[in-house]
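Enquirer: In case you want the letters, here they are:
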Amino acid sequence: MTSPAETHADDTLLGRHPLLRAAAWLVTGLLMVALIITPLSLQQQLTLSVAIFIAALVINRFAGRFGSLAMIFLSVVVSSRYMYWRLTETMVMDNPLDLVLGFGLLVAEVYAFVVLLLGYVQTAWPLERKPVAMPDDVDQWPTVDLFIPTYNESLSVVRATVLAAQSIDWPRDKLKIFVLDDGRREEFRVFCEAVGVTHVTRDNNRHAKAGNINAALKNTTGEFIAIFDCDHIPTRSFLQVAMGWFGKDPKLGMVQTPHYFFSADPFEKNLGTFGTVPNEGELFYGLIQDGNDLWNATFFCGSCAVLRRTICEEVGGIAVETVTEDAHTALKMHRLGYNTAYLALPQAAGLATESLSGHVGQRIRWARGMAQIFRIDNPLFGRGLKWAQRLCYVNAMLHFLYGLPRLIYLTAPLAYLFFGASVIHASASMIFAYALPHIFHANLTNSRIQGRFRYLFWNEVYEAVLAWYIFRPTLVALINPKLGSFNVTAKGGLIEKEYFDTTIAKASLFLLALNFLGVAAGLWRLSWVDSDNIATVWLNLAWTFYNLVILGACVAAANETRQLRNAHRIALQIPATLYFADGHSMRCETYDFSTGGLGLDLPTEVKTEAEAAVTVALFRGDNEFRFPAHVRFNRGKRLGLQFDPLSFDQERALVQCTTARADIWAARWGNHPRAAVHRVLGHIARISAIGFKDMFAHYYRAGLQKLRPAPRQPQPAAGAKEPT
Amino acid sequence: MQVVSVIAAKGGVGKTTVTANLCIALAASGRPVLAIDLDPQNALRFHLAADPRQAHAHGLADAERGACGWTEAMQRGHQGVVLLPFGQVDDEAQIDLEGRLAAQPHWLGETLASFRLPEDTLVVLDTPPGPSVYLQQALRVSQLNVVTLLPDAGSFATLPIVERMVDKYCSPRPDFVASTYVINQADASRRLSRDVLQTLREELGPRLLGVVQQDQAVSEALASATTVRHYAPHSQAVADFAHCTARLLERFAAVPAAGAHLYR
Numbered sequence: 153m154t155s156p157a158e159t160h161a162d163d164t165l166l167g168r169h170p171l172l173r174a175a176a177w178l179v180t181g182l183l184m185v186a187l188i189i190t191p192l193s194l195q196q197q198l199t200l201s202v203a204i205f206i207a208a209l210v211i212n213r214f215a216g217r218f219g220s221l222a223m224i225f226l227s228v229v230v231s232s233r234y235m236y237w238r239l240t241e242t243m244v245m246d247n248p249l250d251l252v253l254g255f256g257l258l259v260a261e262v263y264a265f266v267v268l269l270l271g272y273v274q275t276a277w278p279l280e281r282k283p284v285a286m287p288d289d290v291d292q293w294p295t296v297d298l299f300i301p302t303y304n305e306s307l308s309v310v311r312a313t314v315l316a317a318q319s320i321d322w323p324r325d326k327l328k329i330f331v332l333d334d335g336r337r338e339e340f341r342v343f344c345e346a347v348g349v350t351h352v353t354r355d356n357n358r359h360a361k362a363g364n365i366n367a368a369l370k371n372t373t374g375e376f377i378a379i380f381d382c383d384h385i386p387t388r389s390f391l392q393v394a395m396g397w398f399g400k401d402p403k404l405g406m407v408q409t410p411h412y413f414f415s416a417d418p419f420e421k422n423l424g425t426f427g428t429v430p431n432e433g434e435l436f437y438g439l440i441q442d443g444n445d446l447w448n449a450t451f452f453c454g455s456c457a458v459l460r461r462t463i464c465e466e467v468g469g470i471a472v473e474t475v476t477e478d479a480h481t482a483l484k485m486h487r488l489g490y491n492t493a494y495l496a497l498p499q500a501a502g503l504a505t506e507s508l509s510g511h512v513g514q515r516i517r518w519a520r521g522m523a524q525i526f527r528i529d530n531p532l533f534g535r536g537l538k539w540a541q542r543l544c545y546v547n548a549m550l551h552f553l554y555g556l557p558r559l560i561y562l563t564a565p566l567a568y569l570f571f572g573a574s575v576i577h578a579s580a581s582m583i584f585a586y587a588l589p590h591i592f593h594a595n596l597t598n599s600r601i602q603g604r605f606r607y608l609f610w611n612e613v614y615e616a617v618l619a620w621y622i623f624r625p626t627l628v629a630l631i632n633p634k635l636g637s638f639n640v641t642a643k644g645g646l647i648e649k650e651y652f653d654t655t656i657a658k659a660s661l662f663l664l665a666l667n668f669l670g671v672a673a674g675l676w677r678l679s680w681v682d683s684d685n686i687a688t689v690w691l692n693l694a695w696t697f698y699n700l701v702i703l704g705a706c707v708a709a710a711n712e713t714r715q716l717r718n719a720h721r722i723a724l725q726i727p728a729t730l731y732f733a734d735g736h737s738m739r740c741e742t743y744d745f746s747t748g749g750l751g752l753d754l755p756t757e758v759k760t761e762a763e764a765a766v767t768v769a770l771f772r773g774d775n776e777f778r779f780p781a782h783v784r785f786n787r788g789k790r791l792g793l794q795f796d797p798l799s800f801d802q803e804r805a806l807v808q809c810t811t812a813r814a815d816i817w818a819a820r821w822g823n824h825p826r827a828a829v830h831r832v833l834g835h836i837a838r839i840s841a842i843g844f845k846d847m848f849a850h851y852y853r854a855g856l857q858k859l860r861p862a863p864r865q866p867q868p869a870a871g872a873k874e875p876t
Numbered sequence: 010m011q012v013v014s015v016i017a018a019k020g021g022v023g024k025t026t027v028t029a030n031l032c033i034a035l036a037a038s039g040r041p042v043l044a045i046d047l048d049p050q051n052a053l054r055f056h057l058a059a060d061p062r063q064a065h066a067h068g069l070a071d072a073e074r075g076a077c078g079w080t081e082a083m084q085r086g087h088q089g090v091v092l093l094p095f096g097q098v099d100d101e102a103q104i105d106l107e108g109r110l111a112a113q114p115h116w117l118g119e120t121l122a123s124f125r126l127p128e129d130t131l132v133v134l135d136t137p138p139g140p141s142v143y144l145q146q147a148l149r150v151s152q153l154n155v156v157t158l159l160p161d162a163g164s165f166a167t168l169p170i171v172e173r174m175v176d177k178y179c180s181p182r183p184d185f186v187a188s189t190y191v192i193n194q195a196d197a198s199r200r201l202s203r204d205v206l207q208t209l210r211e212e213l214g215p216r217l218l219g220v221v222q223q224d225q226a227v228s229e230a231l232a233s234a235t236t237v238r239h240y241a242p243h244s245q246a247v248a249d250f251a252h253c254t255a256r257l258l259e260r261f262a263a264v265p266a267a268g269a270h271l272y273r
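Sequence lines, in order, name chains A and B.
Those letters in the first sequence? Residues 153 to 876, by the working numbering.
Those letters in the second sequence? Residues 10 to 273, by the working numbering.
In case anyone wonders, no lab produced these hints; they're calculated from the structure.
Heads up, the beta-carbon is just placed ideally off N, CA and C, and yes, glycines get one too.
Warning: the hint list may mix true and false statements.
[Stated by the list, open to error] Restraint ranges, calculated between C-beta atoms of paired labels, are given here: (1) H252/B to W539/A: 53 to 61 angstroms; (2) G335/A to E211/B: 37 to 45 angstroms; (3) V342/A to G139/B: 49 to 57 angstroms; (4) P797/A to Q88/B: 40 to 48 angstroms; (5) R109/B to Q725/A: 54 to 62 angstroms; (6) R324/A to D161/B: 25 to 33 angstroms; (7) T208/B to A723/A: 35 to 43 angstroms.
[As the list claims (entries may be wrong)] Computed cross-link-like contacts, SDA-like style, restricted to lysine to any residue with a CA-CA straight-line distance of at most 25 angstroms: (8) K538/A to L171/A; (9) K759/A to S198/B; (10) K328/A to Q292/A; (11) K789/A to Q225/B; (12) K759/A to S228/B; (13) K759/A to P242/B; (14) K845/A to Y614/A; (15) K789/A to E229/B; (16) K658/A to A694/A; (17) K759/A to A232/B; (18) K759/A to G748/A; (19) K538/A to E465/A; (20) K634/A to G363/A; (21) K759/A to A234/B; (22) K326/A to E375/A; (23) K845/A to L559/A; (24) K634/A to R487/A; (25) K789/A to P242/B; (26) K658/A to K858/A; (27) K789/A to L724/A; (28) K845/A to N431/A; (29) K326/A to Q802/A; (30) K759/A to E229/B; (31) K759/A to Q225/B.
[Said to hold, decoys possible] Facing chain A, according to a computed beta carbon distance under 8 angstroms, are these residues of chain B, among others: (32) A197; (33) S198; (34) R210; (35) Q222; (36) D224; (37) Q225; (38) A226; (39) A241; (40) H243.
With the hints as constraints, model all of the structure from the sequences given.
Expert: In structure tokens, the structure reads:
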């Protein structure tokens, strides 16, 4: 083991005296058990809860990891106390309906509790591994084969990745680039030949991407294999950052770097949160993988990673038994006692999935694959893993089983509102006294640990959208891992007009309708029926309102906004020089770029003719590269350029000056300011309101059209003339 | 006082343009600048003189033989630069002058010392291309040389001529800082220019002060009797000269100021 956390000696008092250490553990453990199981009256429970919560608030004032650990400890105690109380005191049901519904909620709560605990283990101490420098002597650097697997993606998506891969700073004779084309396309072969990379095909498509890579492994010889999805564009520093650790640790089998997306994912696009709210993937790559790294449990994510050939071959190549071949491959390495590492430095960037339905499809695949691994190669059992590795893997798999628990949470209060079923056998005040501290501590602690990578409550929005769709496939995979089909994630598509995706929103709409009915039932209970249990009715109504807010945001996410441009524009401020046809020049700065063009901020207004031909220069270090272009728009001090057809050399130079810059993504990532609870809730509520508005507008229009069957001409999309 | 010599192995590389623009950029950075034209072509005044009508006034040649005072020979230039032009002289006067300069190798150093310039003054010398008595005088006092080249094969081939003179007159002196290089009129859109530039970059390494891109604004500013800085403030050329100047000042900042003993 060369994990840095384990190499320094523990010279604290407890570290030097193992007996003292054991005694400390024992005392702490006994105190903890006492705190968890001691029965208390309502008054006493309230006092204890308030005291512990104040302690947590005070600790939260102090930055640092010790504070985080202390808060985790308090949160674990409070939540355990709640779970103990729930299990021992609240499950005394006297009729079958209460028992069935109550048991359902209990299952969801136990799941959430286990995931909470495992999450703490996983993220308590992110390793924050730093890259190791390569040796000065370039002759010692190993050979690398860079694989770009592709199946049905268009060449326009793949070419930037190939050209960027060619620009990676690594000795020319030690880096070979292979495009693994499972689509066997002539167009690809011609392109690969023209730019000078190897086009690889096979005569079948068995085991999809995993099979594709394994086939190429047999025909190549590099000591290391770097893998990039065909739409993940590497920066030039990728290998020099990622390879250093391999030299230091001969048992290191895999180094993973984050997947960073420069375009908005469907949530960000449809909810307007791009760049302002951490997206779904940021928690995983910002915190969870870094936390896994401490326990030597980082897993392979299929792209932006390097594998050591010997170890990869020893585990039988990329795993083919499940549809998440990447995580399974890492698991096999860990079982054989090899190490993996994570470097939280974005060294590549790609396109996010365009539509919500595509996004859902991708998550279904992940969820299915994780459930499959859970069934056929369960990390809790079998040889070779340390207990912490088992826990990290189990949590990764349990995470994808959130479908059913989330659906239960979204409907639990209805049990009482509809049927008067008491799913928790306790008074409303006792539930308050036990459950609220549990919820408050979990949120406070997680917001401290995750604040930069995930805002409070957003988890619930992301999960609520997906819950129904991943619930069935995970269930099926758990029952029979072989059932179900594989689907490829589509990228680079266009959403030509705004529309409301009723298919994907169907589940949310159904839940929404139920919850609306629940509110009606609650009001009816408040006014006529249930005057004895006002507090219980209010408790369930408040829960239902919260569910409505979350579901409103889910509905908003299904409202697909238009995606007009083929090429994504990426904000980038770097110096540029504009050369006019008459020999004049102007220093300026870019404000964004795409593969098709460039936006410039000029120091002063200039007069140009429409479509004027210009040359624009960008810089890579001291080197200047010039690109022919013409003016698309000229507004004030802003100039939009569209590139003229570029040669491969020019295209490569453009990639080098833009997406392949070593520093381009690092600053944009994991930099979210912490957000206060009320702001986050307010934001979600606003988004939710918009969701309701759009949904009602959609059904109002649909209703009108039914009344007036004569079809109207569709309006041409406004603003479609935006510059490319 | 710090002395910078702008030199070139061959003519036509835009040395006077580089001198003038360095002077303007140095003055813009807040330093007092004295620009001295040691080239009988007497062309620096076209770039720097604030009042072109003074073009036929006295210059260095007159002052040297006592025909006028030194202050009378100097004139106000753009951006607050003080300009000492070479002056208009006929062939015989020029040959006489060169004879006297050859006989008094430390003439320039002694003359500069007699000016009693403020300590932070930068003296920038424009010299004629190739070996000459003027270049000898300049190199004997110069602390930092700016060798001007074009990104073409000719410039590259003639480099050793200048380098031998630098080795002879500058390198032995303790107050000498460095010889640096400016590549003028680069054009990244032309393959040859790009390739030569790449070779020169590798050859020169840290001695390369900067690259000035070919820019129409430079010659147009000269024709309009104004500076590029004023004529096209946002042009690439202005940015390039500013970059060279910043690098030049960095080189000076890296060594303690010297000056008192430079004329011995």
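Enquirer: So, for every hint listed, does it hold in this structure?
Expert: Hints versus structure:
1. Taking the beta carbon of each, H252/B and W539/A are about 59 angstroms apart, inside 53 to 61 angstroms as hinted.
2. Take G335/A and E211/B: their Cβ atoms lie about 42 angstroms apart, and the range 37 to 45 angstroms holds.
3. Taking 49 to 57 angstroms as the suggested C-beta distance range, the pair V342/A and G139/B conforms, at roughly 54 angstroms.
4. P797/A and Q88/B have their C-beta atoms about 44 angstroms apart, which keeps the hinted 40 to 48 angstroms range intact.
5. Remark: the range hint 54 to 62 angstroms for R109/B to Q725/A is upheld by a beta-carbon distance near 58 angstroms.
6. Checked against the given bound of 25 to 33 angstroms, the beta carbons of R324/A and D161/B, roughly 28 angstroms apart, stay inside it.
7. Distance hint for T208/B and A723/A: a CB-CB separation of about 36 angstroms, consistent with the stated range 35 to 43 angstroms.
8. Distance hint between K538/A and L171/A is fulfilled; the C-alpha atoms sit about 24 angstroms from each other, no more than 25 angstroms.
9. Restraint check for K759/A and S198/B: the C-alpha separation of about 23 angstroms stays at or below 25 angstroms, so the hint holds.
10. Note on K328/A and Q292/A: the hinted pairing holds, with a Cα-Cα distance of about 17 angstroms set against a maximum of 25 angstroms.
11. Between K789/A and Q225/B, the direct Cα distance comes to roughly 22 angstroms. Compliance with the 25 angstroms bound is thereby established for this hinted pair.
12. Annotation: proposed proximity of K759/A to S228/B holds, straight-line Cα distance about 21 angstroms (limit 25 angstroms).
13. For the hint pairing K759/A with P242/B, the CA-to-CA distance comes to about 16 angstroms; that is within 25 angstroms, so the pair holds.
14. Restraint check: the Cα-Cα separation between K845/A and Y614/A comes to about 20 angstroms, which is no more than 25 angstroms; the hinted pair holds.
15. The hinted pair formed by K789/A and E229/B meets the criterion: a straight-line CA distance of about 24 angstroms does not exceed 25 angstroms.
16. Restraint check for K658/A and A694/A: satisfied, since their Cα atoms lie roughly 24 angstroms apart, inside the 25 angstroms limit.
17. For the suggested pair K759/A and A232/B, the alpha carbons sit about 22 angstroms apart, so the restraint of at most 25 angstroms is met.
18. The hinted pair formed by K759/A and G748/A meets the criterion: a straight-line CA distance of about 23 angstroms does not exceed 25 angstroms.
19. With a CA separation close to 22 angstroms, the supplied pair K538/A and E465/A stays within the 25 angstroms bound.
20. The hinted pair formed by K634/A and G363/A meets the criterion: a straight-line CA distance of about 17 angstroms does not exceed 25 angstroms.
21. A C-alpha spacing of about 24 angstroms is found between K759/A and A234/B, which places the hinted pair at or below 25 angstroms, so the restraint holds.
22. Restraint check for K326/A and E375/A: the C-alpha separation of about 10 angstroms stays at or below 25 angstroms, so the hint holds.
23. Distance restraint check for K845/A and L559/A: the Cα-Cα separation of roughly 24 angstroms lies within the 25 angstroms cut-off, and the hinted pair is therefore satisfied.
24. For the proposed pair K634/A and R487/A, the alpha carbon gap of about 23 angstroms is at most 25 angstroms, so the pair holds.
25. With a C-alpha separation of about 15 angstroms, the suggested pair K789/A and P242/B falls inside the 25 angstroms cut-off, and the hint holds.
26. Pair hint K658/A plus K858/A holds up; C-alpha atoms about 20 angstroms apart against a cutoff of 25 angstroms.
27. For a cut-off of 25 angstroms, the pair hint linking K789/A to L724/A stands: about 17 angstroms separates their Cα positions.
28. For a cut-off of 25 angstroms, the pair hint linking K845/A to N431/A stands: about 24 angstroms separates their Cα positions.
29. At roughly 24 angstroms between alpha-carbon atoms, K326/A and Q802/A fall within 25 angstroms of each other, so this suggested pair holds.
30. Proximity of K759/A to E229/B is assessed by CA-CA distance (about 18 angstroms); at most 25 angstroms being required, the pair is judged to hold.
31. Straight-line distance between C-alpha atoms of K759/A and Q225/B comes to about 17 angstroms, which keeps the hinted pair within the 25 angstroms bound.
32. The closest approach between the C-beta of A197/B and any C-beta of chain A is roughly 4 angstroms, which is under the 8 angstroms cut-off, so the hint is satisfied.
33. A hinted interface residue such as S198/B counts as satisfied when its beta carbon comes closer than 8 angstroms to some beta carbon of chain A; here the least separation is about 5 angstroms, so the hint holds.
34. The closest approach between the C-beta of R210/B and any C-beta of chain A is roughly 7 angstroms, which is under the 8 angstroms cut-off, so the hint is satisfied.
35. For Q222/B, the interface hint holds, since its Cβ comes within 8 angstroms of a Cβ in chain A; the closest pair sits about 7 angstroms apart.
36. For D224/B, the interface hint holds, since its Cβ comes within 8 angstroms of a Cβ in chain A; the closest pair sits about 5 angstroms apart.
37. Because the beta carbon of Q225/B sits about 3 angstroms from the nearest beta carbon in chain A, less than 8 angstroms, this interface hint is met.
38. The beta carbon of A226/B comes within 6 angstroms of a beta carbon in chain A, closer than 8 angstroms, and the hint placing it at the interface holds.
39. Among the interface hints, the one on A241/B holds; its C-beta lies about 7 angstroms from the nearest C-beta in chain A, closer than the 8 angstroms criterion.
40. Hint status for H243/B: holds, given a least beta-carbon distance of 4 angstroms to chain A, under 8 angstroms.
In this structure, none of the earlier numbered hints is contradicted; all agree with it.
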